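> Sequence:
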Amino acid sequence: MPQLDTEILYMMELLDPSLLHGEGGYYLTSAYGAMALIKNFQEEQAARVLSSEARDTLHQWHRRRTAQRMAPSVDDFQNYLRVALQEVNSGCTAKTLLVHPYSTTEEVCSLCAYKFKVHDPENHDLFLITEATSQQLAPDTHPQRIKAEIHSRPNSPPFHFVYRRVPNLNLCIPTIPANQHSGNCLLPSQLDE
Numbered sequence: 010m011p012q013l014d015t016e017i018l019y020m021m022e023l024l025d026p027s028l029l030h031g032e033g034g035y036y037l038t039s040a041y042g043a044m045a046l047i048k049n050f051q052e053e054q055a056a057r058v059l060s061s062e063a064r065d066t067l068h069q070w071h072r073r074r075t076a077q078r079m080a081p082s083v084d085d086f087q088n089y090l091r092v093a094l095q096e097v098n099s100g101c102t103a104k105t106l107l108v109h110p111y112s113t114t115e116e117v118c119s120l121c122a123y124k125f126k127v128h129d130p131e132n133h134d135l136f137l138i139t140e141a142t143s144q145q146l147a148p149d150t151h152p153q154r155i156k157a158e159i160h161s162r163p164n165s166p167p168f169h170f171v172y173r174r175v176p177n178l179n180l181c182i183p184t185i186p187a188n189q190h191s192g193n194c195l196l197p198s199q200l201d202e
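Each residue of the sequence shown is one higher than the one before, counting from 10 in this note's numbering.
Don't read these hints as lab results, they were simulated from the structure.
Being a predicted model, the structure only gives us computed values, none of them experimental.
Every residue gets a Cβ at the ideal spot worked out from N, C-alpha and C, and that includes glycine.
It is possible that part of the hints are untrue.
What the hints assert, rightly or not - Derived CB-CB ranges, DEER-like:
| hint | residue 1 | residue 2 | range |
| --- | --- | --- | --- |
| 1 | 14 | 61 | 16 to 26 Å |
| 2 | 14 | 164 | 18 to 28 Å |
| 3 | 65 | 132 | 25 to 35 Å |
| 4 | 169 | 119 | 11 to 21 Å |
| 5 | 39 | 158 | 25 to 35 Å |
Take these sequences, add in the hints, and give me the full structure.
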């Protein structure tokens, strides 16, 4: 147990702040708080959550770490891209994929089709979803560059990459000859009119 306490203190004080954002930072502060409780546990203090010394240490650590919050975290520069598969009948499933910085949207779509086991990848594409927009990405764009650009903006908005079915603009494709057309569906030749 003394070794764990030393390692937790080492990580909190000496690691680069960008390494401590997100889930890793959450678990590290949770471990620090738990160790402080174990070390300082006394029966009469059982009602108090943390000693004032431990609480002050956590507040100081938090202030130091959040001073550099504007700096992107290491995860933003690594070769990982979080992509969600959106299906009408099954909701959303997300996966973290290894995507190199110069991979194109077309390559990411192929990877998504494989990882999500999509049977009709020709009908799916990658979309960038923000609070206000949904944009289908062109096949030659680079999702990692888009992610880096969004993260570099001050107060970057939340965004998600979603692999989903492309909306079908031909709502009805007739299987009957044109001379027997009932008028219920638009023929491809009528779309241009």
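> For every hint, state whether the structure bears it out.
Right, here's what the structure says about each hint:
A hinted range of 16 to 26 Å holds for the C-beta pair residue 14 and residue 61, which are about 19 Å apart. A hinted range of 18 to 28 Å is violated for the C-beta pair residue 14 and residue 164, which are about 37 Å apart. As the Cβ distance of residue 65 to residue 132 is approximately 57 Å, the hint placing it in 25 to 35 Å is violated. Taking 11 to 21 Å as the suggested C-beta distance range, the pair residue 169 and residue 119 conforms, at roughly 20 Å.
Checked against the hint of 25 to 35 Å, the pair residue 39 and residue 158 passes, with Cβ atoms roughly 33 Å apart.
Hints 2, 3 from the earlier list are contradicted by this structure; the remaining hints agree with it.
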